[in-house]
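Heads up: the sequence shown runs through residues 0 to 455, numbered per my numbering.
Hints were generated in silico from the structure; no laboratory data involved. Bear in mind the structure is a predicted one, so any value in this text is a computation, not a measurement. Every residue gets a Cβ at the ideal spot worked out from N, C-alpha and C, and that includes glycine. A portion of the hints provided could be inaccurate.
Label-pair distances were calculated between CB atoms; the ranges are [claimed, not checked]:
| no. | residue 1 | residue 2 | range |
| --- | --- | --- | --- |
| 1 | Gln-270 | Gln-202 | 30 to 36 Å |
| 2 | Arg-144 | Lys-404 | 37 to 43 Å |
| 3 | Gln-37 | Thr-179 | 42 to 48 Å |
| 4 | Gln-202 | Ala-231 | 22 to 28 Å |
| 5 | Thr-399 | Thr-179 | 27 to 33 Å |
Result set (BS3-like, lysine-lysine): computed pairs, CA atoms no more than 25 Å apart in a straight line [what the hints assert, rightly or not]:
| no. | residue 1 | residue 2 |
| --- | --- | --- |
| 6 | Lys-81 | Lys-415 |
| 7 | Lys-393 | Lys-381 |
| 8 | Lys-205 | Lys-188 |
| 9 | Lys-302 | Lys-336 |
| 10 | Lys-174 | Lys-150 |
| 11 | Lys-349 | Lys-302 |
| 12 | Lys-255 | Lys-174 |
| 13 | Lys-381 | Lys-415 |
| 14 | Lys-350 | Lys-302 |
| 15 | Lys-404 | Lys-381 |
| 16 | Lys-130 | Lys-118 |
| 17 | Lys-205 | Lys-174 |
| 18 | Lys-46 | Lys-391 |
| 19 | Lys-81 | Lys-378 |
| 20 | Lys-233 | Lys-196 |
| 21 | Lys-118 | Lys-150 |
| 22 | Lys-188 | Lys-46 |
| 23 | Lys-349 | Lys-391 |
| 24 | Lys-378 | Lys-404 |
| 25 | Lys-255 | Lys-196 |
| 26 | Lys-174 | Lys-196 |
| 27 | Lys-130 | Lys-81 |
| 28 | Lys-233 | Lys-302 |
| 29 | Lys-150 | Lys-188 |
| 30 | Lys-188 | Lys-130 |
| 31 | Lys-205 | Lys-150 |
| 32 | Lys-404 | Lys-393 |
| 33 | Lys-336 | Lys-349 |
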Amino acid sequence: MRTSSLLLFLLLASFQCIATPKYNAELVQELCSAAQYQENYNTQYTKYMYPLVLDTRAGIWMTGGQRELSQEIDQESVLEFKRFINSVEARFNATIVLALAPPRTLEHDRWSNGEYASKQELHKRYQSIIKLFRQSGIHAPDLSRGIDDVKPSYFFQRDVHWRPEGARHAAYAIKEYLQTSGILDQLPKSDIEFITKQVGESQLSKSTFNRVLKSVCGYSFIDESSIRYETASKAELDLFDTSEPDIYMLGTSYSKVPLFNFEGFLKEALQRDVTNLAVSGGGEYGAWLELLQANDESNSTHKIIIWELLSYYNPTDHETLKHLIPMVNDGCNKQQKLNSFSSTIHDRHKKELIFSPNLLNYYPSQLTVDLQTDVSDTKSLKLLIWHESGHKTKVYLSSTRNRHKNGRFVFELAQKQSDELGRILAVDLLDVESNSQPITQINGSVCLSTVGGNAS
Numbered sequence: 000m001r002t003s004s005l006l007l008f009l010l011l012a013s014f015q016c017i018a019t020p021k022y023n024a025e026l027v028q029e030l031c032s033a034a035q036y037q038e039n040y041n042t043q044y045t046k047y048m049y050p051l052v053l054d055t056r057a058g059i060w061m062t063g064g065q066r067e068l069s070q071e072i073d074q075e076s077v078l079e080f081k082r083f084i085n086s087v088e089a090r091f092n093a094t095i096v097l098a099l100a101p102p103r104t105l106e107h108d109r110w111s112n113g114e115y116a117s118k119q120e121l122h123k124r125y126q127s128i129i130k131l132f133r134q135s136g137i138h139a140p141d142l143s144r145g146i147d148d149v150k151p152s153y154f155f156q157r158d159v160h161w162r163p164e165g166a167r168h169a170a171y172a173i174k175e176y177l178q179t180s181g182i183l184d185q186l187p188k189s190d191i192e193f194i195t196k197q198v199g200e201s202q203l204s205k206s207t208f209n210r211v212l213k214s215v216c217g218y219s220f221i222d223e224s225s226i227r228y229e230t231a232s233k234a235e236l237d238l239f240d241t242s243e244p245d246i247y248m249l250g251t252s253y254s255k256v257p258l259f260n261f262e263g264f265l266k267e268a269l270q271r272d273v274t275n276l277a278v279s280g281g282g283e284y285g286a287w288l289e290l291l292q293a294n295d296e297s298n299s300t301h302k303i304i305i306w307e308l309l310s311y312y313n314p315t316d317h318e319t320l321k322h323l324i325p326m327v328n329d330g331c332n333k334q335q336k337l338n339s340f341s342s343t344i345h346d347r348h349k350k351e352l353i354f355s356p357n358l359l360n361y362y363p364s365q366l367t368v369d370l371q372t373d374v375s376d377t378k379s380l381k382l383l384i385w386h387e388s389g390h391k392t393k394v395y396l397s398s399t400r401n402r403h404k405n406g407r408f409v410f411e412l413a414q415k416q417s418d419e420l421g422r423i424l425a426v427d428l429l430d431v432e433s434n435s436q437p438i439t440q441i442n443g444s445v446c447l448s449t450v451g452g453n454a455s
């Protein structure tokens, strides 16, 4: 009986061994054929990532989309951008330092796509933009210096963000610039000492290009890991101290995500406390809009505002600046009003929405309009400007593009070039749209633009 039981056990064990399949695991290191065709990038997230590019010369490095520098930044647009910088510095008693992240494809020899013919041309363009900012009086450190010396790398291999080591490199480059230019001397000495320590390891589970690869090909590469850093003061901070740090940091997820520890590295490099006001996914001006709409106090102490900005953003775009510049001082709320208007709207349009003999003394570029509809989810407006010459120009306002909310639109009426058409006669409303209900009422005011708005 024992012999039979032992034989049965051996037979079952043998059968189980034979039935267990064996697989040869192979690491996928190539893109699927579907990644070659733009129509497969068909979701909101993936459509801007075509084409995916893979480089396996050192690890598995990926990029996608046109994520190089904006070709639209030039001397003229930078001068307009300087108006925004001047306005903010005046309101907050501050010095702005623009921390323009270098293009990710500059690291090592990984230039692969975009509008530039070579890595050298891309690097030259980055440095020319830094030069344009500096020539106009905007502080802008070069964060590309020593980019290839950062270990293990400045950026993640399959994600758009910088690694903590890249964030630390940028923080110390900013420190060097602030010291060399004397900007740091404008702040009082600090007795706080900040120290950064390694506190473990984290995995980057939602990397940009892995998500695109998963959507297009059905698989993704292994998730990358990174050392986690934490920065703390050596001494206990006073919990009852209500004063704010003298340094603000605005920016994107590069500054906001704790894994990158950019805030901490800045504290360590500068040996000063930093207020982190960055907004993940806010684009160029998301953090600024929150600050401008929330902070209504003048600052007696001088501030340094470090503004982290991604290389593929264009902060000099006029369509954005025409809203942001007047928002620095809350539109017309604190300005002397040249005209106030209130109109009932029928069939989404209104002739002479804005009309006043007072406005005949001004060109459109000198005027700011602060407009409020009676529907909070107003989507867009189309306006028609009548000039004294008889010419007409159209203005299109989008709540999505320009991040307006609650039915309010604040904007400079026109660019300087339109002044050659003559002073303003009137403004008509051509069309207005909302998501929920018809708009029946629009009111608002017109005032002089706070920078460069003088009567002619």
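Hint-by-hint comparison with the structure:
At roughly 31 Å, the beta carbons of Gln-270 and Gln-202 sit within the given window of 30 to 36 Å. Checked against the hint of 37 to 43 Å, the C-beta distance between Arg-144 and Lys-404 comes to roughly 40 Å, which is consistent with it. A C-beta distance of roughly 46 Å is found between Gln-37 and Thr-179, which places it inside the suggested range of 42 to 48 Å. Take Gln-202 and Ala-231: their Cβ atoms lie about 23 Å apart, and the range 22 to 28 Å holds.
Between Thr-399 and Thr-179 the beta carbon distance is about 41 Å. The supplied range of 27 to 33 Å is therefore violated. Distance restraint check for Lys-81 and Lys-415: the Cα-Cα separation of roughly 15 Å lies within the 25 Å cut-off, and the hinted pair is therefore satisfied. Restraint check for Lys-393 and Lys-381: the C-alpha separation of about 7 Å stays at or below 25 Å, so the hint holds. For the suggested pair Lys-205 and Lys-188, the alpha carbons sit about 40 Å apart, so the restraint of at most 25 Å is broken.
Only pairs whose Cα atoms come within 25 Å are accepted, and Lys-302 paired with Lys-336 is rejected, the gap being roughly 30 Å. A threshold of 25 Å between alpha carbons decides the hint, and for Lys-174 with Lys-150 the separation of about 20 Å falls inside it, so the pair holds. Taking the CA atoms of Lys-349 and Lys-302, the gap is about 45 Å. The hint is violated against a cut of 25 Å. A hinted pair counts as satisfied when its Cα atoms are at most 25 Å apart, and Lys-255 with Lys-174 qualifies at roughly 19 Å.
Between the alpha carbons of Lys-381 and Lys-415 the distance comes to roughly 20 Å, so the proposed pair stays at or under 25 Å and holds. Simply put, Lys-350 and Lys-302 have alpha-carbon atoms about 46 Å apart, too far for the 25 Å limit, and the pair is violated. Distance check on the hinted pair: Lys-404 and Lys-381 sit about 17 Å apart at the alpha-carbon level, within 25 Å; holds. For the hint pairing Lys-130 with Lys-118, the CA-to-CA distance comes to about 18 Å; that is within 25 Å, so the pair holds.
Taken as a hint, the Lys-205 and Lys-174 pair is broken in the structure, with Cα atoms around 31 Å apart against an allowance of 25 Å. Restraint check for Lys-46 and Lys-391: not satisfied, since their Cα atoms lie roughly 37 Å apart, outside the 25 Å limit. Taking the CA atoms of Lys-81 and Lys-378, the gap is about 29 Å. The hint is violated against a cut of 25 Å. Among the hinted pairs, Lys-233 with Lys-196 is consistent with the structure: their alpha-carbon atoms are about 12 Å apart, no more than 25 Å.
Annotation: proposed proximity of Lys-118 to Lys-150 holds, straight-line Cα distance about 20 Å (limit 25 Å). Only pairs whose Cα atoms come within 25 Å are accepted, and Lys-188 paired with Lys-46 is rejected, the gap being roughly 49 Å. The straight-line distance between the Cα atoms of Lys-349 and Lys-391 is roughly 16 Å, inside the 25 Å bound, and the hint therefore holds. For the hint linking Lys-378 to Lys-404, the alpha-carbon distance of about 9 Å falls within 25 Å, and the restraint holds.
As the CA atoms of Lys-255 and Lys-196 are separated by approximately 19 Å, the hinted pair is consistent with the 25 Å bound. This hinted pair checks out: Lys-174 and Lys-196 have alpha carbons roughly 19 Å apart, not beyond 25 Å. Pair hint Lys-130 plus Lys-81 holds up; C-alpha atoms about 14 Å apart against a cutoff of 25 Å. Restraint check: the Cα-Cα separation between Lys-233 and Lys-302 comes to about 24 Å, which is no more than 25 Å; the hinted pair holds.
Proposed proximity of Lys-150 and Lys-188 is contradicted: the alpha carbons are some 32 Å apart, above 25 Å. Distance check on the hinted pair: Lys-188 and Lys-130 sit about 30 Å apart at the alpha-carbon level, beyond 25 Å; violated. Taken as a hint, the Lys-205 and Lys-150 pair is honoured in the structure, with Cα atoms around 22 Å apart against an allowance of 25 Å. This hinted pair checks out: Lys-404 and Lys-393 have alpha carbons roughly 22 Å apart, not beyond 25 Å.
At most 25 Å may separate the alpha-carbon atoms for a hinted pair to count; Lys-336 and Lys-349 meet this at roughly 22 Å.
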